[in-house]
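If you read the sequences in order, they're chains A and B. Under our numbering, residues 565 to 1043 are what the first sequence spells out, in order. Under our numbering, residues 565 to 1043 are what the second sequence spells out, in order.
Just so you know, these hints were derived from the structure itself, not from any lab. Be aware that a few hints might be false.
In silico BS3-like cross-links for lysine-lysine, where the CA-CA straight-line distance does not exceed 25 Å [to be verified]: (1) A/700 x B/819; (2) A/1020 x A/772; (3) B/880 x A/628; (4) A/620 x B/627; (5) A/878 x B/628; (6) A/878 x B/737; (7) B/772 x A/628; (8) A/627 x B/878; (9) A/627 x B/700; (10) B/772 x A/592; (11) B/1034 x A/620; (12) B/592 x B/772.
With the Cβ distance kept under 8 Å, some of the chain B side facing chain A (calculated, not the full set) [what the hints assert, rightly or not]: (13) 617; (14) 619; (15) 630; (16) 635; (17) 659; (18) 918.
DEER-style ranges, computed between Cβ atoms [unchecked claim]: (19) B/752 x A/672: 42 to 48 Å; (20) B/945 x A/694: 34 to 40 Å; (21) A/672 x B/894: 45 to 51 Å; (22) B/630 x A/996: 39 to 45 Å.
Beta carbons are placed, not taken as given, at the ideal position from N, Cα and C, and that holds for glycine.
There are 2 protein chains.
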Amino acid sequence: MADTKKMVDEITSMEEDFAQWYTDIVRKAELISYTSVKGCMVIRPYGYAIWENMQKILDTAFKKTGHENVCMPMFIPESLLQKEKDHVEGFAPEVAWITHGGNEKLEERLCVRPTSETLFCEHYANIIQSYRDLPKLYNQWVSVVRWEKTTRPFLRSREFLWQEGHTIHATAKEAIEETERMLHVYADFCRDALAIPVVEGRKTESDKFAGAEATYAIEALMHDGKALQAGTSHYFGDGFARAFDIQFADKENKKAYPHQTSWGVTTRLIGAVIMTHGDNNGLVLPPAIAPVQVVILPIAAHKPGVLEKANELKEKIAEIARVKLDDSEQSAGWKFAEYEMKGVPLRLEIGPRDIENNSCVLVRRDNREKQVVSLDKLNEVIPQLLQEIHDSLYQKALENRANRTYPCTSLEEIVQVLSEKGDGFIEAMWCGEEACEDKVKEVTGVSSRCIPFEQKTLSDTCVCCGKPAKHLVYWGKAY
Amino acid sequence: MADTKKMVDEITSMEEDFAQWYTDIVRKAELISYTSVKGCMVIRPYGYAIWENMQKILDTAFKKTGHENVCMPMFIPESLLQKEKDHVEGFAPEVAWITHGGNEKLEERLCVRPTSETLFCEHYANIIQSYRDLPKLYNQWVSVVRWEKTTRPFLRSREFLWQEGHTIHATAKEAIEETERMLHVYADFCRDALAIPVVEGRKTESDKFAGAEATYAIEALMHDGKALQAGTSHYFGDGFARAFDIQFADKENKKAYPHQTSWGVTTRLIGAVIMTHGDNNGLVLPPAIAPVQVVILPIAAHKPGVLEKANELKEKIAEIARVKLDDSEQSAGWKFAEYEMKGVPLRLEIGPRDIENNSCVLVRRDNREKQVVSLDKLNEVIPQLLQEIHDSLYQKALENRANRTYPCTSLEEIVQVLSEKGDGFIEAMWCGEEACEDKVKEVTGVSSRCIPFEQKTLSDTCVCCGKPAKHLVYWGKAY
């Protein structure tokens, strides 16, 4: 498709068909390509570079909080997966099974890891003897496999890339602190790197991770008013330790069970970025994770001095930003559309007249604002503009969320709001009973997203049964 | 095991049992841990940090030579694997097969990638139309699976980490240049980062990668005189392009088949480092890949001012090297042994008397040389010492190889040399016939390692049949 290159008008508009708009961007911005492996995808260089930028920022944050990277096997023997009862019930129906190595049938089936708690537990049991061995703060960057029925690029695929943190602590208190700490790391990352505001909260009992005592999550609201779970952090108590017989000698030399956590974010975050910031011209990337932050487009590049100047600017800007010079023979119009599609935060145009004036034109991707900037001030102005772009993306996302968050005090109100205003976050009080949670979903179509840490009181009674309310809950339709 | 910590005398000496010495180091330096998944291992933080350092250096070299990272699925449908005849014959007997997703039997079996040529080819066919789309220079950092019968940590495991480069070019010439370029990148990396000298050469026909027209390799010689293939680079011609129907319109708008390469190095390089530089006290790490380059050990740490000074030095050294301060309560003797085991290049001892003299003691891991260094000169001296350590490791490895490389002109001589001097590289002339290659192995036990780029003439005739010789060949026993 490279020489019959896509044009802007080929994208479905998000108002017409949001799902198709999403798929169009994912393909036309060259983030992924489909394969003959159903539900799996090729992550192409531009998509993978976004993931690498996310990895770098997160990995630094993990190391700053004392975590070390490791690498577990990708296979789990069936008997190991079965050791923790809730865990195997949750995952066994959706794992891929290896039955043969070469021409030989295996004595025991292996699954491809859907998550690695069981492998970490086996390892902990090998290496932990004493309180001096605790805590262990581990992380790994790998891919995992879950045999999903319906798949969508980044949002739900059979194989996806992620990081999974796994930690083990002497006390419940420490483990709970870790669970919350890492949720905050994710929330900060979403705000500071992805320009995505998230709600931090706890999942209800019915929505917990298989084997967890508590699951925390960050929830973001997409352009279309649907909620996206952007990261989770689990507290396991000592349930896994008991199932895997992990014990340590405490300071009094008494045997005790340690407490565990795990937490993860995935390539799904790329989907979140697309659906939070993208527009009908394509991707809009927050500068922190944009593979190219500034693209230089020479105007009338055949005129003497233009390419030289463009190259000179590239060298200079490379000191402060990720910069690309496109001196290909494609038309200016084609290039404008191409880099809008790819969501490059800043476009720099430089032509003969600009050079005469010792200036260039900078155009923001997010709002198309143009400004003429002196070439001597570029390395001051560009970082400021990138910061402004980030701030303004975040502000816009925050406003979108505020405009689409609806406090409701009855099921009828929820139904009415959703039908009048479309999807969004519903804030409503809840008694804590699963029956009410189910009924809200049945009657209104929205499910509980999380019990936010920041509580407030809309009314004293459950939106469903009218009994005393225990929590404010965010509800929504979820990706 | 952490509180009943291993002592130095627990390592088997390499003279007594080289294989056991290797296994002892791998476990006692905490590089890996065994798992219940046969043939797979946990790479522990210290081992993984070595791999991360290797990755960073190689990834920079790949990006400098124009390569982009991507990510292919980990599964290959059976029908896709079968498209290239030689390739499937080479790999089908050693792949792991997925037959079920959850409780459902798959319509078509999938294998876990043993290597990803077939996936890249499918992708190329989707995205390449014109000469303008060429070349594509891709790489991915992933793990692959080969169902080996006998396994050893890092050297041969069922799952291993690697990078696989895959490129596609308009002409054979370009592709061959790429194949050789990347082999040189590997050789430079081994010399400059791992302090390992390698022989660059071409594999014989019988030893080629399945589906390749030519396979190039770097071969290193271990402490025990056995050869280790440390990296390979393959030229595919247009064989895969024909099998997968990848065609492009050239400048005259005629259809043509492009030419491909692939190249890879693996976590096996960690094994190469152990067996090239390690000694009877444990690991010896080249500074470029050492997770900790300088370990600070406070002496009489309870005395006033010692810990403060140690912390101050740590801050200062952190500007120029990867530094760790061990202020735990373990004895000095324990710590000396521990960091020797872990191969930390430099140990810095600082105690009350040193502080009085405004100096400290630096001890090299490789030769145990001590020197007293003024605290004011530390950040000059440390980089120099790290460089000296690197150079001296390389020099020693070079000498070991020279001492164990034996030019031979008859099969009898090969047999005699091996029985008198033990394993090593045998240099001997070869006619190019597979029958002779087989016979050399049968009679002497050494197999062809490579046809080195740097040729010389030991005699005019084949070491085996006496007919005219075509090549000098390196022979050896291989890991």
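Now the hints, each set against the structure:
no.	hint	result
1	A/700 x B/819	58 Å, violated
2	A/1020 x A/772	23 Å, holds
3	B/880 x A/628	18 Å, holds
4	A/620 x B/627	16 Å, holds
5	A/878 x B/628	16 Å, holds
6	A/878 x B/737	31 Å, violated
7	B/772 x A/628	45 Å, violated
8	A/627 x B/878	18 Å, holds
9	A/627 x B/700	34 Å, violated
10	B/772 x A/592	39 Å, violated
11	B/1034 x A/620	50 Å, violated
12	B/592 x B/772	36 Å, violated
13	617	12 Å, violated
14	619	11 Å, violated
15	630	11 Å, violated
16	635	4 Å, holds
17	659	7 Å, holds
18	918	28 Å, violated
19	B/752 x A/672: 42 to 48 Å	44 Å, holds
20	B/945 x A/694: 34 to 40 Å	38 Å, holds
21	A/672 x B/894: 45 to 51 Å	41 Å, violated
22	B/630 x A/996: 39 to 45 Å	58 Å, violated
Violated hints for the displayed structure, listed by number in ascending order: 1, 6, 7, 9, 10, 11, 12, 13, 14, 15, 18, 21 and 22.
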